[in-house]
Amino acid sequence: MNRGRITRKSTKKLHRTSASPMREVWQHIRASKTALFGIGIILLFGFCALIHPLLMHTVWHPRLYDPVTGYDSFSSWYALGIYDAVHPAPPSWYWTPQFLSSWRTGQISLGECLAHIARHPLGTDPIGRDILSQLMYSTRAEFILGLLTAIITVSIGTIVGTAAAYYAGWVDTFFMRLADLLMLFPGIPFLIVLSAMMDLNLVNLAIVLGILSGFGSITIIIKAQALAVKSHAYVEAARLAGGSRLWVVRKHLIPHVLPLSFLYMLFTVTAAIGTEATLSFFGLLNVGCSWGLMIHTMSASGYLASSIRYWWLWLPAGLAITLFCAAFYLIGRSLEQVVHSQRQEG
Amino acid sequence: MALLELQDLSLHYHTGRGVISAVNQLSLALDAGESLGLVGESGSGKSSIAHAILRLLPAYAQIRQGRIYFAGRNLLDLTEPQMREVRWRQIAMVFQAAMNTLNPMYTVGAQVVETILTHEPNMSSKAARARVEELYALVGLPCTLLRRYPHEYSGGMKQRACIALALACNPQLIIADEPTTALDVIMQARILGELESIRKERGMSVIYISHDMAMMAQVAERIGVMYAGVLVEYGCTIDLLAAPAHPYTAGLLAAVPSMADDVTQLQEIPGEPVDLYAPPAGCRFYPRCSRATAQCKEQAPPLLPCRRNRDGEHKAACWHLL
Amino acid sequence: MLRYLGHRLLQILVLLFVFITLTYFILQAMPGDFTSIYASNPQMTPEMIANLQARFGLNESVWVQYVRFLRNIVTGDLGVSFSEYPRPVWDIIKERLPRTFVLFFSANIISFYIGFWLGKWSAWYKGRAADKVLVTGSISLITAFYPLVAFMALWVFSYHLGWLPLNNFVDPILWSNAPLSSMQVFGYIIYAAVVTTALLILVSLLLRKKGVAGAKSRWIPPIVLGLALLSAVALFQRSGLLIYVFDILYHLLLPLFVLTFIRIGSSLLLTRDAVLAVTQEDYVLAARARGLAPAVIRNRYLARNAIHPVVTSLALSLGESFSGGVVTETLFSWPGIGLTLLRASLGGDYPLAVGAFIITGIFLLLGHVAADIATACLDPRLRDSIGR
Ligand SMILES: Nc1ncnc2c1ncn2[C@@H]1O[C@H](COP(=O)(O)OP(=O)(O)OP(=O)(O)O)[C@@H](O)[C@H]1O
Ligand SMILES: [Mg+2]
Chain A
1 MNRGRITRKS TKKLHRTSAS PMREVWQHIR ASKTALFGIG IILLFGFCAL IHPLLMHTVW
61 HPRLYDPVTG YDSFSSWYAL GIYDAVHPAP PSWYWTPQFL SSWRTGQISL GECLAHIARH
121 PLGTDPIGRD ILSQLMYSTR AEFILGLLTA IITVSIGTIV GTAAAYYAGW VDTFFMRLAD
181 LLMLFPGIPF LIVLSAMMDL NLVNLAIVLG ILSGFGSITI IIKAQALAVK SHAYVEAARL
241 AGGSRLWVVR KHLIPHVLPL SFLYMLFTVT AAIGTEATLS FFGLLNVGCS WGLMIHTMSA
301 SGYLASSIRY WWLWLPAGLA ITLFCAAFYL IGRSLEQVVH SQRQEG
Chain B
347 MALLELQDLS LHYHTGRGVI SAVNQLSLAL DAGESLGLVG ESGSGKSSIA HAILRLLPAY
407 AQIRQGRIYF AGRNLLDLTE PQMREVRWRQ IAMVFQAAMN TLNPMYTVGA QVVETILTHE
467 PNMSSKAARA RVEELYALVG LPCTLLRRYP HEYSGGMKQR ACIALALACN PQLIIADEPT
527 TALDVIMQAR ILGELESIRK ERGMSVIYIS HDMAMMAQVA ERIGVMYAGV LVEYGCTIDL
587 LAAPAHPYTA GLLAAVPSMA DDVTQLQEIP GEPVDLYAPP AGCRFYPRCS RATAQCKEQA
647 PPLLPCRRNR DGEHKAACWH LL
Chain C
669 MLRYLGHRLL QILVLLFVFI TLTYFILQAM PGDFTSIYAS NPQMTPEMIA NLQARFGLNE
729 SVWVQYVRFL RNIVTGDLGV SFSEYPRPVW DIIKERLPRT FVLFFSANII SFYIGFWLGK
789 WSAWYKGRAA DKVLVTGSIS LITAFYPLVA FMALWVFSYH LGWLPLNNFV DPILWSNAPL
849 SSMQVFGYII YAAVVTTALL ILVSLLLRKK GVAGAKSRWI PPIVLGLALL SAVALFQRSG
909 LLIYVFDILY HLLLPLFVLT FIRIGSSLLL TRDAVLAVTQ EDYVLAARAR GLAPAVIRNR
969 YLARNAIHPV VTSLALSLGE SFSGGVVTET LFSWPGIGLT LLRASLGGDY PLAVGAFIIT
1029 GIFLLLGHVA ADIATACLDP RLRDSIGR
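Residue numbers (the working numbering), protein chains in the order written: chain A, 1 to 346; chain B, 347 to 668; chain C, 669 to 1056.
Keep in mind the hints are simulated off the structure, nothing from the lab.
If a hint is listed, it holds; no wrong ones were tucked in.
Calculated Cβ distances over 12 Å to all of chain C for the following chain A residues: (1) Leu50; (2) His87; (3) Leu100; (4) Ile152.
DSS-like cross-link-like pairs, simulated, lysine-lysine; straight-line CA separation at most 25 Å: (5) Lys794/C - Lys33/A; (6) Lys33/A - Lys800/C; (7) Lys661/B - Lys643/B.
The C-beta atom is built at its ideal place from N, Cα and C for all residues, glycine as well.
My request is simple: use the sequences and hints to build the entire structure.
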């Protein structure tokens, strides 16, 4: 009984003393293990995305390793007596004993031997492209899609939501009805129908997703928060003290709504990546390479029935999707608590 | 033998920002049929004691030492099922936030009946309902309210419903944590009067918890004054009011407005309340005390009988008694 | 109450109207019409295409087309499918809708039931090993790439173990000389399920009204359920349909299992969070103080007060199931509304795609309404605000 009251009292104090609600969010991220874990995963993916072009320019020859057009004929292995390498080829370390014996007989140097072992660390796909290269190359696309969608969604949601809360009246009515309407648009079916009618690429997809959820559910959530902040006395005080309307919005509403926006940005990334993966998985998206498409390639080439034997065709991509989504989800989940306690104080 | 006896109780809350020492080495006894008032300003640990007695403390609260004897048994040693038998059957409570102590999903009547049937499983539900109607009549609520949901009650009605609920199982002890805060003065007097007459009639004990000295003076036979988790003074109501021995009690009494006094003479106690994350090593009151000396800063004063003492019961914890 | 419902109904109709209009114009705005599919077909002369456009009224102004589109929808006419010409779209949808509905309705109900139950216990034992396992598992389920999970299940149960059929709604060989069409048999199954459920609800309502408490009455609903199922089986057996009924159910099993399994995660976490929020409430502490049994606190205090967001989410996800269904139905070749939508979109069957899409939107809307109503019915505080 006292518990609820007292803890709320004390967080309130904390809230007032901290400079901005967003800073509190950062402090929480630093303190939370799950959030740090999520950030770690995201950094790892970021590293992959950055290092891929470097690798392509240095050690990976584009003819062999290009994620879309690469092809390895394995002819250099014939000399070593390896004839069973056919696409989709298992990871190259599969043949480690052969490489080692070639090295021992002096056929190749140690460096060459290691290079052979690391030639396709995750194998190749049914049309001879390197899985690791595809995996790393796709990361960039996923980042672009996820962040672009999140930024579009949350910018729209934050601006429209705060505006609806602050100006009320017809602005509010209009945008709320619009939100009701957009929430009726079933996401994946809509995109499927769209993809039949137009060429859907990553940017298009991000814009459609951003508009649908930005004007839809996110607006409603942000508006509720902004309303709570608005009713808070000090906003009124600022208005009476002669601040212009825009100034009040910028100075008071936005900073207190930002943590919630940030939270939904994280969840939006998860949703966007999931949607992209699903659409690519059906082959409905016009992308050069993505994790979903990798799995699509596998099922389209008929390797599904023996999926355990050809694990490298789906496991890396599937894990990448899951981990990437999980990373953002975990950060979001650990932030939810702070943001909701802030929301209660409103 | 005393019905309830707290011996040397120390209670800490482990929060994210540190450890709060909410109750410190507190000893207290209460006889059957007696009424005790616990007074103290907000945050002095009154509710914490109540929760400790019923063992309702959250997991991050820790009782570092002490014993709570009730009817000869140490409540702290009981298992959870044993404790459930004690709760409400023997010790009932009126919670401070009466507003929120009823389940919003069920009618109030259903909740009272549920409580009675839990403790008297052999009773027919009809008999239980009859008992509830009696209780409602006792606290002055119309029986039609029984079929209503908590949100349909006013604050005062809820508080009275909670008192009825506390009486439901004929407990030996009721802890009334600010039972009348939501009521106007007339209602407050009436409810307290009724509670007192029920107490005398049934031979129950009651612990009243409040920060309102004037109210305590009306109902409590003995008063314990708490400051920052420490029992600073304890005694018979008449003695304590007539001749407070601890500077804090004296300050509290001086802050109570009375009809006779000139209102402008009201005094308040200077200084800030204690930071319970890092309480002073010696007497917890010394930073605000006008009579503080070096000894107060270093040594915590024990609760000892005062000089002017009729029954040997009046005790205070101060190096420089008034 | 009536005024509320009337108001709500009006709102729904307006929303629906705007939704259909918007859909129409968004799709209109796309470049080309369906005849452009045939543009590259060498056997189609430009005259034939123009003829086709005239037949479908595509050369008239957008507004005329729009008004006709609206009028047709109001009369329940969604046009004629191209790919299954000349079957009316509505006929196709009518056939596929129940399949989707049965699959997702049962999956949602079961997964929410399990998720609610597990979430309740997970919150109750917060911080213990079991709780940690459940939470980690749920997060994995939520973030796992669903098509992949489905594939794995297909692979394990159908290819590897061979326990369950690979795909499809029915076994075509078995059905080649069946007395009734699969749609009719499926209809009977739905009837049986509806009657059984209604019976069960009736019995439990009666039990509650009579106030029969105690250990004995707990066995009555399961017994009723058992009897109802037995009599349904007997009926099907007598009419010689049992084997076909079993065939449909057998094909339903794997998608149902996967769908249920994957959805447990989110309902579990949702329940757990809601219960933990309720745990902070004063009335829970007060209930403990009253010495109520842990089971009572768990069920009547924690779970009952936490049920609100869970039921809302259940209603919403029931509405969403028609849209989320695309993935599941494609993966398991379950010929429901989602698969229809995907195939129609890919195959350029424009009327069927739009029809299926509009139906999906309508169900989403119904889900929202159901969520509202459920919310209002479950909470006495809100029940009042509507009554007035
Ligand atoms: N659940 C809790 N978690 C953390 N700290 C707590 C908790 N309950 C009480 N405290 C702290 O313990 C101290 C004593 O609190 P308690 O509620 O017992 O005071 P009180 O005398 O009842 O005050 P009031 O008159 O305001 O009800 C306070 O400093 C409070 O901050
Ligand atoms: Mg208190």
